[in-house]
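Trainee: Chain residues, written in single-letter form:
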Amino acid sequence: AQSVTQLGSHVSVSEGALVLLRCNYSSSVPPYLFWYVQYPNQGLQLLLKYTTGATLVKGINGFEAEFKKSETSFHLTKPSAHMSDAAEYFCAVSGGLTGGGNKLTFGTGTQLKVEL
Amino acid sequence: KAGVTQTPRYLIKTRGQQVTLSCSPISGHRSVSWYQQTPGQGLQFLFEYFSETQRNKGNFPGRFSGRQFSNSRSEMNVSTLELGDSALYLCASSPARDSWEFFGPGTRLTVL
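Line by line, the protein sequences give chains A and B. Those letters in the first sequence? Residues 1 to 116, per the working numbering, in order. Those letters in the second sequence? Residues 1001 to 1112, per the working numbering, in order.
Please keep in mind that the hints were generated in silico from the structure rather than gathered at the bench. Even for Gly, the Cβ is constructed at its ideal location relative to N, Cα and C. Among the clues, some could well be false.
Stated by the list, open to error - Covered stretches of chain B (in silico footprint by chain A; criterion: 3 or more residues with CB under 8 Å from a CB of chain A, positions within the stretch not fixed):
| # | region |
| --- | --- |
| 1 | 1028–1042 |
| 2 | 1048–1060 |
| 3 | 1092–1099 |
Said to hold, decoys possible - Which residues of chain B face chain A? A partial, calculated answer using Cβ under 7 Å:
| # | residue |
| --- | --- |
| 4 | 1045 |
| 5 | 1104 |
| 6 | 1105 |
Starting from the given sequences, assemble the full structure and let the hints guide the process.
Mentor: Structure follows, in structure tokens:
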């Protein structure tokens, strides 16, 4: 069984400030971890993913996340927020072939607001 | 490469009716999954199909069903619609079962 907890349903940052969105997961098998972004009235866009290998993963639009097994975390960061980053962000976990195929279990989402 | 396409994009139905939603995956992708997104329950997994076989199913009543065709296109059907079925239904495709998913724009279903 897998689950995801996203701390903070709403996060507000100033433009140019660090973005930190928190995600903790629980998985009975080695996890595949993802961050997706959703803009209003749109589907989900993959920001970045961790499957195996390097634990620091870089994604699109300057985002990155680090897989920390000991902390069961996969926090999303961006050094400098831009107005266009305002959106809802979802952390998700799947188990690959050993744990349910592509079935994604999502967190409840974090709405990011970027202020001038 | 064209992305995941879903039709229709918007749909309005009344209680008791049934509805069929369609999803065309990215060319070459063999896995298609469906998700329901609502403000109250968030994003919930419905089912996953791979090579025309349902490989995984979420905790939804039997009114929700799906299928996948030999060209990997998929449909999902909801019978006897209830008000609570109003949601954004998202389709995602993937090249394999241990990969990552690419999402379509969704079908917004409103049940009156």
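Trainee: Now tell me, hint by hint, if it's right for this structure.
Mentor: Against the structure, the hints come out as follows:
1. 1028–1042: Since 4 is at least three, the answer is holds.
2. 1048–1060: It holds: at least three residues are needed, and the region 1048–1060 of chain B offers 5 whose Cβ sits within less than 8 Å of chain A.
3. 1092–1099: holds (count 5)
4. 1045: holds (5 Å)
5. 1104: holds (5 Å)
6. 1105: The hint holds - residue 1105 of chain B has a Cβ within 7 Å of chain A, the shortest such distance being about 5 Å.
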